[in-house]
Every structure is written in C-alpha cells, then in structure tokens.
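Read in order, the letters of the sequence shown are residues 107 to 266 in the working numbering.
Keep in mind that a hint or two might mislead.
[Claimed, not checked] So the derived label-pair ranges between C-beta atoms look like this:
(1) G176 - A196: 22 to 28 Å
(2) S170 - E214: 47 to 53 Å
(3) L205 - I149: 15 to 21 Å
(4) C153 - Q190: 36 to 42 Å
(5) F234 - K200: 54 to 60 Å
[Said to hold, decoys possible] Below, a list of computed lysine-lysine pairs in the DSSO-like style, where the Cα atoms sit at most 27 Å apart:
(6) K237 - K226
(7) K200 - K189
(8) K200 - K186
(9) K189 - K202
(10) K221 - K237
(11) K221 - K200
(12) K202 - K221
Don't read these hints as lab results, they were simulated from the structure.
For every residue, glycine included, the Cβ atom is placed at its ideal position computed from N, Cα and C.
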Amino acid sequence: MRRARAAEPHFWAPHTLPCVAPARALPGAQSIDNYIEPLSNTIHGICSYGLRFGSVAGFVYYSSELGIWGDSAQAEQLLKQGKQLLAPYAATVKQKIPLSDIQLPTTECASRTAKNYWNKGVVKSIEFLGKLPSTVKGAGSNAFTYISQQLENANTEEKN
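Let the sequences and hints guide you as you build the complete structure.
This is the structure we're talking about:
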C-alpha cells in the first residue's frame, strides 16, 4: 500500500513562474470576452444601420433642397444649371474623343440587322411552341417515374 504524501508548503506563486500557464476560470464563471463580442456585434450593427439611414436621409434632404421633388419648372432649371456646370468638362472630353473617326452604321444596315434578329426571335419562339407538347410529356413521364420510385422505396422501408 502506498502511503499518501503530505502536502508540501509552496513558497512560490504559480503566476510568477514563466513556464506555468495562467489559471483558468472556474466552471460557470463568465469571462469578459463573453460580454464584449455580442456588445461589439451590436454596436457594429447599430453603426451600420445608422450609416445607411443617414445616407438615405441626406440624399432625400439635399435632393429636396435642390428642387428635384418640386414642380417641372424647378427640375428644368436644375437641369440647365447642371448643363452649365458640366459644359467645360464635356468640351474637354469631346476634344479627347475623335468622333470623326467613328463610323456609325447606316440606317439600312441597322434596319436589316434589326429585321434579321426579329425574324430569328420569331423562328425560335415558334420552334419552342412546337416542341412544347413533347417536352411537357417527357417531363411528366419523368416526374411520374420519380414519384412511383419514391413511393416504392417508402413502401419497402415500411415493410422492413
């Protein structure tokens, strides 16, 4: 039989030794981290929704101050002011883009292309409608086969 050893008195504190891990919290004790993470998530959510609401409210306020939501005369005046503000920038962009080198399609070519695409769309639609009965029949038979297999599997599982 082994004799129990008497507890020796310790003259050092475990937290002063560099190789000793810090003491763990007792079971059931709450750590500060358990409170900080949900709090930070809540603060993040509040700030996120506050920023969204503030940006929408700011847009509505400044757009109403400009007169966008007013009558058509105010909107027309605002459009003229915008054109005057953007005119210098538009002039520099026009100088940088060589519009004379760009060849736009003729009306005959554009008309012929539009008719061609329209006709192809009509042909594909008619083909789809022509194939629709056989497609629906095939899908119905596949669905019937799948459902009957599932019912057979359910019946065999009930018997076992």
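Need the list of violated hint numbers for this structure, in ascending order.
3, 5, 11 and 12
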